[in-house]
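Heads up: the protein sequence lines correspond to chains A and B, in order. Residue numbering for the first sequence follows this note's numbering, beginning at 1 and increasing consecutively. Residue numbering for the second sequence follows this note's numbering, beginning at 1 and increasing consecutively.
Note that these hints are calculated values from the structure, not bench results. Heads up, the beta-carbon is just placed ideally off N, CA and C, and yes, glycines get one too. Among the clues, some could well be false.
From chain B, some residues computed to sit far from chain A (all C-beta separations above 10 Å) [said to hold, decoys possible]:
1) Val71
2) Gly88
3) Leu99
4) Ala138
5) Ile155
6) Arg166
7) Trp192
8) Lys213
9) Gln239
10) Met249
11) Thr258
12) Val278
13) Leu283
14) Ala286
15) Ile287
Beta-carbon label-pair distances, calculated as ranges [claimed, not checked]:
16) Pro185(A) to Gln216(B): 56 to 66 Å
17) Phe17(B) to Thr27(A): 48 to 58 Å
18) Asn100(A) to Gln216(B): 49 to 59 Å
19) Lys111(A) to Thr250(B): 33 to 43 Å
20) Ile17(A) to Thr250(B): 32 to 42 Å
21) Gly306(B) to Leu46(A): 24 to 34 Å
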Amino acid sequence: MAREGLRYQAFSRRAFILAGAQGLAVTALGGRLYYLSIVNGEKYKLRADKNRISVRLLAPVRGEIFDRKMRKIATNRRDFSVYLIPEQAKEVANTLTKLNRIVKISDRRLKRIERQIKRQRKFLPITVAKGLDWKTFSRVNVDMPNLPGVETNVGLSRFYPSGQSVAHIVGYLASPGENDVGRNPLYQLPGAKVGRQGIEKRFEEELRGEAGTRRVEVNAVGREIRELPPRQEALKGQDLHLTLDMDLQEFTLDQLGEESAGVVVMDVKNGDVLSLASAPTFDPNEFTSGISSANWQGLLNDPRKPLLNKCMTGQYPPGSTVKMVIALAALEQGIITPETKFFCNGKHRLGNNLFHCWQRNGHGHVDLLDAISKSCDVYFYEIAEKLDIDIIAEMAKRFGLGQTYALGVDGEKEGLVPDRQWKRVIQNQPWHLGETLNVSIGQGAMLATPLQLAVMTSRIASGNEVTPRLIRYTDELDFDPNFSPMEVNPLMMRLMRRGMEMVMEPKGTAHDYRRSKSAIKQAGKTGTAQVRRISRAERESGVLKNDEKPWAARDHALFVGYAPAENPEVAVSVLVQHGGGGASKAAPIGRAVLDKALELKDKPALPPVEQGEA
Amino acid sequence: MGSARMFGPRRDEKNAFQRLLSLNWGMILVTLLIGSVGVAMLYSVAGGAWDPWASRHSMRLGVAFIIMLIVGVMDIRYWMALSYPAWGIGVLLLVAVELVGDFGKNSQRWLDIGFMRLQPSELMKIALIMALARFYHARPFHQSKKISTLFTPLILIAIPVLLVVRQPDFGTGITLVAGGVAIIFLAGLPTWFFVASGVSVVAASPIVWSLMKEYQKGRVLTFLNPESDPTGAGYQITQSKIALGSGGMTGKGFLEGTQSHLNFLPEMKTDFIFTVLVEEFGLIGAIIVLLLYTIVLTYGLLVGIGCRNQFGRLLAAGLSMTLFYYVFINIGMVMGMMPVVGVPLPLISYGGSAILTWAIAFGLILSVASHRHVSLAPRGSGII
């Protein structure tokens, strides 16, 4: 009995100890709970919200690009696509078979769909077909009840209505690369596109617009449960208005045909770039949907370089089109007067070197106007012997060569106006007089872009420091930029213009080559630039005609001009790469384009056109 | 037998119906209340639907209620007589699991016995307490205090523990060891022995640590600090803590838990159900449930203290401790105070075995309470 009592006492005492331990443990649990839910409650509430609330971006509509007559250059087209949500399809294969009767799904895409079904979460949509036409899309929509798991979507994709003609100016859109992704969260959205090249790239931020946001409740695997207010709608990107006239742009490209060429048309009065045509060209719409590698290789390997913007990125020897500038430099220096004559027998000797005139038999006695209208080279060799290269360079720059104009199209090149310092820095050699002779006829180291030549021509034509612009920041079409007058003797400028008029007259180089006989008097200057030096042996054996040479060895054909001659409104520059003679190849194009530009200028601007949906 | 007579007439010799009426219905009610919290939470976990869990949980609670009453009404002497056989059967079942058991979640714990999947390790928790209680019941106090008497209990504990740990089921292994140690402690083994054992374990651990290979250390560290493994166990604990903490004082409201309804919580209907409860009912809800458990567990200890026979005393107190381990390990785990081991929250977690364990254990406590004045022969009841 006593022993039982001891056992009982020991048990009770220890049972109370255990009860105490239990009590302590439960208190500890309670304390920990208090710590989590009260002391740190706010922190965990935030984390719970962060868990469940996901801020999703709403893609903005990209700004559109218009020409001067409100024609759409870049717009957004409704893009009809069909998605499949595997989870909602009872039998994916069955649904796909049925869908295949309406929308043709290629075997390759089918395989990709299968792969995606296996890889990603079952509630995430898989694109089955995109870029559908309205009819097919409607049929899918009508048949939806028979197609479990199929969803349709109307998205927007970039569209260039006259893509080929503006490819080099607007650029194109492509999927963002790794570098872009960090720039803006929008680029992480599925299907996001980023501007590549041209206006699309330069004005990416303006065109892009601002993302909207919507807050959604998501579960642990990221499935959207519902949307939580407030929703912030996306802001459409800015529209851009270009100075281009699409009618002229398309006309110009038509004129270029199969040539590798660049043509720039400018409004002499205000610098508006009316046309900026580069040929051959490509279709930027292909890039938006993802260009095939065969087409891409084709574009890359084409010797005529369709991807190159020849108007601004291509640099070519300007040939005789710079002769006005050389003449003005000589006039300003007092080396010649308008009456000064030189005798041209077809060649000019400098030390041991012979410099040839394009007219092998010579022009005879030539004055300044003859020298320009007949493009006599010897006349300019004579000038060049007394003219410092730095003076020529200074004058060339005054007329807009050797510089860029930031039109908003990237890849713009400076060209090259050589001078003594350039030669010292680049080649570490002194300047030779022979080089001045070459430069005086637009050869040698001198390089210009068609855009620069158009600027030069506009400046000669107007007497003002015309600067080109491509983007219209104001709504008014008759924009008056108030260019300051050129700091060149106006009388001399008038003389040059007279010379250019004579180019188009009976004895001028461009007289014979007119396509259209318009009543409007034009002025211009032809140029033919050698691609490589003609050797003495070749000269003796008789120079091959351009048509007999391989394409890449043929001369570049150039033409600059303006019209109307009496009161210049538009200026043009034409470069036909390896086109042969400037008079025969470039001048006709330039003349036709000038006529067309004037014709289009006379027509009043069309009212904005709202294009209907396809 | 003789000793029983020495204490005079058996005051507790009532018939089964009388015993049924005299059961502690208050405590049964508390138990059922905890169970209905489970029903509510499973209803919430299903997104506000009876199917599939809340309805089945209710049915199981009904069955558990009946089992509880049957076990409680049965004579304590039957249970004492069944103690060793129960332990033997438990061990056999564990061996059977080893041989033919079903695989679930990479461990071998279940035995398919046709109408249900039995988890023998759950029954073992009770059987071990019964066997140890019977063992110490038969030992006089002076023997119980001796370390030499420890041999048999250690064998009784070690065999099932080794089998369970092999499955592997560390949660149950710990519960079995802790339950066994509780009985040995209650039976009177000197306190210094426990202290010395504890100290030696602590002292030995650095040596064991230094002997372990890097990958083994890594495993232990993940086990002790799951947040070092953010994609695995750490994810569970992190999300669980967010759910617990974001409930605040009063919770987000029934069916309004975002962590649970948006599936951020792992194993919501089983091991992590307490988290759902706290998220929706807050600290207040959690404290109420903790109190309900505490009431039942304290009752178990008090039944032990109020019992005249050593078997009943050890049984009631040991079972109370076993049930306590469930609650403590489960809640400690979801709060990140303890390693993640798969221990369900009895009567609330979805799953049959834990409810069955609770039903039998609590039934036994009720039976002890009914027979608290019975004095039992040292070697069994004489009934069987």
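| Taking the beta carbons of Gly306(B) and Leu46(A), is their distance inside 24 to 34 Å? | Given a distance of about 50 Å, which is not inside 24 to 34 Å, the answer is violated.
| request: Classify the label on Met249(B) as holds or violated, using whether its beta-carbon is more than 10 Å from each beta-carbon of chain A. | output: Non-interface label fails for Met249(B): nearest chain A Cβ at 6 Å, not farther than 10 Å.
| 10 Å cut-off, C-beta based - Val278(B) kept clear of every residue in chain A | The assertion about Val278(B) is violated, with a minimum of 7 Å to chain A.
| field | Verdict on Leu99(B) as a residue remote from chain A, using beta-carbon distances over 10 Å | value | Check passes; 37 Å lies beyond 10 Å.
| task | Measuring Cβ to Cβ, find out whether Ala138(B) lies farther than 10 Å from everything in chain A. | result | Holds: least Cβ distance 12 Å, greater than 10 Å.
| Is the nearest CB of chain A more than 10 Å from the CB of Gly88(B)? | holds (26 Å)
| query | Do the beta carbons of Asn100(A) and Gln216(B) sit within 49 to 59 Å of each other? | reply | Taking Cβ atoms as reference, Asn100(A) and Gln216(B) lie about 56 Å apart, which means the hint holds.
| message | Please verify that the nearest CB of chain A lies beyond 10 Å from Arg166(B)'s CB. | response | Check passes; 28 Å lies beyond 10 Å.
| field | Closest CB of chain A to the CB of Ile287(B) still more than 10 Å away | value | violated (6 Å)
| said: Confirm or reject: Lys213(B) is not an interface residue toward chain A, with every Cβ-Cβ distance exceeding 10 Å. | reply: At about 33 Å from chain A, Lys213(B) clears the 10 Å cut-off, so the statement holds.
| message | If we take the beta carbon of Thr258(B), is the closest beta carbon in chain A still more than 10 Å away? | response | It is violated; Thr258(B) is separated from chain A by about 5 Å at its closest Cβ, not greater than 10 Å.
| task | Confirm or reject the claim that Pro185(A) and Gln216(B) have a C-beta distance inside 56 to 66 Å. | result | violated (44 Å)
Comparing the model with each numbered hint stated earlier shows that hints 9, 10, 11, 12, 13, 14, 15, 16, 17, 19, 21 do not hold.
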